[in-house]
Amino acid sequence: MRSILTRADAVAPALVVAAVALLAAPLGCDKGLPSPITGQHEGDPTPRQGGTLRLASFADLRGGLDPAVDLDGLSLGAIHLMFAGLVDYDEHARIVPDLAEHWDVDDGGRTYRFFLRTGVTMHDGSELAADDVKRSVERALHPSTPDSNATYFTNLAGYEAYAAGKAGHLEGVTVEGRYVIAFHLTKPDATFPYLVALHTLRPTCKSAGDRYSDTWLPCGAGPFKLLDGGWQRGTRLRLVRHEGYFRPGLPHLDAVEWTFNMKALAQRVRFENGELDIARELTQADTSRFAADPRWAELGVVEFDARIYGESMNTRMAPFDNVEIRRAVAAAIDRDHYVLLQPTRMSALYQALPRTIADVDPSFPAQRYDYAAALEHMRKAGYPYDPTTDTGGWPQPIDYLMYDQGIPALSSQLLQQDLAKIGLRLRLKMVSWAAFLALQERPDGAAMSQGNWMMDYPDPSTIFDKLFTTDAIAPDGSSNTAFYSNPRFDDLIAQAHLEMDPSVRRTLYREANAILCDEAPWAFTFGYHLFDVRQPYVHGFVAHPVWPLDVSGVWVDRGDAGWKDALGGGLR
Amino acid sequence: MLDTRARARFTRNRSGVAGTVIVAALVVFALVGPLIASHGPLESDFLHGVASDDMPVGPSALFPFGADRIFRDVFARLAVAGRLSLLIAVSATLIASTIGAVVGIVAGYYEGKRFARIIDVDGILMRCVDVMLAFPFLLLVMAIGAALERTSAVTIFVILGVTGWLSIARVLRAKTMQVRSLEYVVASRALGQPAAWVMLKHVLPNVAGPLVVSATVLVAQMIVADSVLSYLGVGISPPTPTWGRMLFEGQDYLVTSPWLVVAPGLAILLAVWGFNMLGEGLRDALDPHEG
Amino acid sequence: MSWLLRRLGWSLFVVWAVVSIAFAVNTFIPGDPARMVAGVQARPADVARIRTQLGLGDPPLVQYLHFWKRLVHLGPHVIDPAADPAHASCAVVLPLGGTAVHLDFGKSFQKRQPVVDLVATRLPRTFALALAGMLVQLLLGLGTGVFAAARRGSWLDRFLVGSSLLGISAPTFLIALVLQFVFARGLGWLPLDGFGTTLGEHARCLVLPALTLGVYGAAYYTRLVRDERVVVRHGLRNALLPIVTAVGLDFGALMGGAVVTETVFRWPGLGELSVKALLDRDGPVILACVVVTSMAIVAANVVVDALYARLDPRVRSA
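Taken in order, these protein sequences are the chains called A, B and C. First residue of the first sequence? That's 0 in numbering that gives the first Met the number 0, and the numbers climb one at a time after it. First residue of the second sequence? That's 0 in numbering that gives the first Met the number 0, and the numbers climb one at a time after it. First residue of the third sequence? That's 0 in numbering that gives the first Met the number 0, and the numbers climb one at a time after it.
Calculated directly from the structure, the hints in this document are not laboratory data. Among the clues, some could well be false.
What the hints assert, rightly or not - If you anchor each label on the Cβ, the simulated ranges turn out as follows:
#  : chain 1 : residue 1 : chain 2 : residue 2 : range
1  : C       : L198      : A       : D209      : 39 to 45 Å
2  : A       : D123      : C       : Y63       : 41 to 47 Å
3  : A       : H40       : B       : S37       : 54 to 60 Å
4  : A       : K205      : C       : G8        : 51 to 57 Å
5  : C       : Q62       : A       : A371      : 55 to 61 Å
6  : A       : H40       : C       : T51       : 54 to 60 Å
7  : A       : R315      : C       : E200      : 52 to 58 Å
8  : C       : G8        : B       : L86       : 41 to 47 Å
9  : B       : R4        : C       : T26       : 54 to 60 Å
10 : C       : Y63       : A       : F363      : 52 to 58 Å
11 : C       : T26       : A       : A166      : 32 to 38 Å
12 : C       : T51       : A       : K205      : 26 to 32 Å
13 : C       : W15       : A       : D130      : 50 to 56 Å
14 : B       : I35       : C       : L11       : 56 to 62 Å
Unchecked claim - In silico contact screen, one side only, chain A against chain C (beta carbon under 8 Å); selected entries:
#  : residue
15 : R61
16 : G233
17 : A265
18 : A433
To be verified - Example chain B residues on the side facing chain C (calculated, C-beta under 7 Å, incomplete):
#  : residue
19 : A133
20 : F134
21 : P135
22 : L137
23 : M141
24 : A142
25 : V223
26 : V227
27 : Y230
28 : G264
29 : L268
We put the beta carbon where it would ideally sit given N, CA and C, even for glycine.
Working from the sequences, and respecting the hints, build out all of it.
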């Protein structure tokens, strides 16, 4: 075939590129943010009933909507709306009654007795009774349920036998009356109420049966319910008001709708066009612009940090078996630089607990960025480094395990630069998420890796127990990725579980936290929170310390007529 | 290979010349760029690289192509990435050309012939091509990428080379089938010369032209393939820059910091386009009666 | 006819080989699917439970044989998932009186749904995208080629040909980004990404991804058509040959590989499914995608060969 380019075609592609650039440039220039859309009855604080709240998410709903199985952030938000629990967390992360009116603690902390409200209607119209609670608990903790939270409840009497399939029922859960249910623990545990508030034990309707099934239509006692066909997999989820919800006047909304698989840019465009009511996952650039615009600034809602990030150092692998080197690392990282990656969403972290539950004041001996101190620690470690001549430090390159996602993909590159300044040369190993988990959790897997952990419930035990105790070390799948073991620390944690007095517990945890900051199995780097933007007609949206996007108390000041849903169709 | 007449045809062909110029410019940029840049490619500059709104600075004196998301110099990174892309693309092409040439020539030479009435070398080789074509290439490479703990430049170009020889094999097979009917080739075979000798001495020089042309165009495709891989995250670990990775990291910032996308995007376009044009020019010079 | 049978037999072999390789790769790459399902914060005991539930406790060879055994088998011609868990993830493909032929890819680890359902939902979408992309390619490519041929030597000719070169120069995701930027972000005419809920929305969401695929492949057709020498010398029939070949193989390739386009545009087809499954180590889904796409490519090859034989009498005897 003869060549077709015998002519001077060098010019043409250049013209095309130039044309596209010229065309695109004015289009790309930002038109500025549109004005917020005000409500129909601006200034009137009375909640109005009705309306559909439209939300979107980048991710897709993963496995299912069953409270008994592991949930990611997205499904957690939906589960929380569909299933009420015996107790819940309030906006200060304290345990408050929900389905249970009150509860007693007996037997030195070994028995928790919950007194249920009467007349609570579930989604299928039946009344909630203590039998339903027992059935739901046994369903969740049964060995055939793919539940990854079951081992939280090993403290329940009879759990071992039940989990092994030897007992047909859980002996530690007893029905003591139509509305009274008791949990018996093998040893006292101050964290038990926090566990009860988790999604795992939330009561399900009788239709759930006593065994987990993939095909069950979720049915509980929460303010919203799922109708058959309400979940179009991969596209959207629609929850409608449960008319029989036990709190009078709630929920205000007729329905809540999530649209999945929507990228950040698309969310912003749709939000600006009035097709989304709350924008949650905007790009950093967009979030900054909303936060900086005076019309929008007060419509921003800062969610809580529920997650800590840090650099996990394997205390069993050189050079991090040397505590002075770990201290050097903790002092060498400039967290303010990290935070520049997403200033509206990141906050510097210098100790082990997320801001929601961190009980620290300025005098607390947390980690600090101090370059001189870092160099001093390297000297004490026996590997002094001279920055002017670039000599010394640790002689071999150190492998740093990372996976390719979001901020950690970028922050690790900053870490590399910071540690080079104290003579530690990192080699970044980027692997897939699956490989990352496999390697990070083996004692010989990685010397250093990206660590992050989400608070399962708002109590320090959720962080300390799983990340830093000796019990949490396992040859495979160890959540204690630093393989850190300190008898004094373990002691403090064990005592805290048994201690019923909250102020004594706080002191114990403070000391534990101080140990972690000093011995630095992790260099704590930042906490992450989302910055949501709402339209002015959305009221009652308050950030919850535990539940993502808690919209149970939200009301909207707009009708449905004439409004589009997030996919461009008419709102039903 | 390029005798005087071929050279004359080449220089007459403006696209070939344009292609050469572009490729040469790229090579110079890749080699010299890092040396004249104001920063190293891995160096974050928090003093000068951060604009007043905490975003990376745009194209300016100190940062000719702007700063990236962790405030590094895009110009320096682009040049270093260029080195890597060119190295990978050329190496992968060398591997692919070698495999493709061997497979193509052998298949074309033995086309229609069966050893011991059963072994159809051409058939077997072409069936292997079929299997490879049916395989979801991208998935395979991603899986390999997931399997290896660290992907280096060598891994990448070996993978690309080993999966990219198909088009060359097909072209050379067709060409070999034409060449083997040439007089002196027929004569050579009739004289009983060993097949390998005939292929090396007579076939290869005759198909060299199309081979070079295909290989040049293949370099362009390898650059694209490499950028797709690094865009998908199967590539060289950060912080080493590659064009595809720079595009991936910059795409969310398309509106606020467009240089993050324009710089690597244009680099890829220019490189691919340059090699394609060069290939066209070579085709005119070496294979003018194609078709 | 015997040619056709031989060809089909060979095609089945190719599919088998490809799927076996995929199985081997999937088994031996690191990462624990049970871990991916259990989530990061699960304890080892929970992960172990889930691993047994997913059937990952068996040795690889057993899993391999099990996969093929259940892939195609006979079973009841009406399936009740609740009552008959052994056939819970099957789909009936060929009723034969009292029994029927079942197709079973197992259940997705992550989504806990029968994989046949997932594939059945997504296959038409990828098919639609491939078809639309093909259409755009042909229209764009043949159209510009004809234009250029008609006005040979003019500025338009050179411009069109040169810009078609751009099409094959740019990687797909770059074209996708530019198109998104211009049409969705800038002009706002078309949706940025996604799929929509109504037919109208589907069509609108299809435009940009189809355009992306189209621009990318059109250049080849432009060059084909523009070179009138082929048409003049060998006649229209022979000119069709390379086009037919290209269309056939291209379609197969599009079916198999619009992965990048689907990912950038969040088009919920097979490509996007397979990428997510690969990252999540969702074995049943990965294997199902490989089976489907390799069959599509192989089928396209067979069709092209058959057409080739019809159009070119010299080949028919081969």
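Of the hints stated earlier, which fail here? Violated: none.
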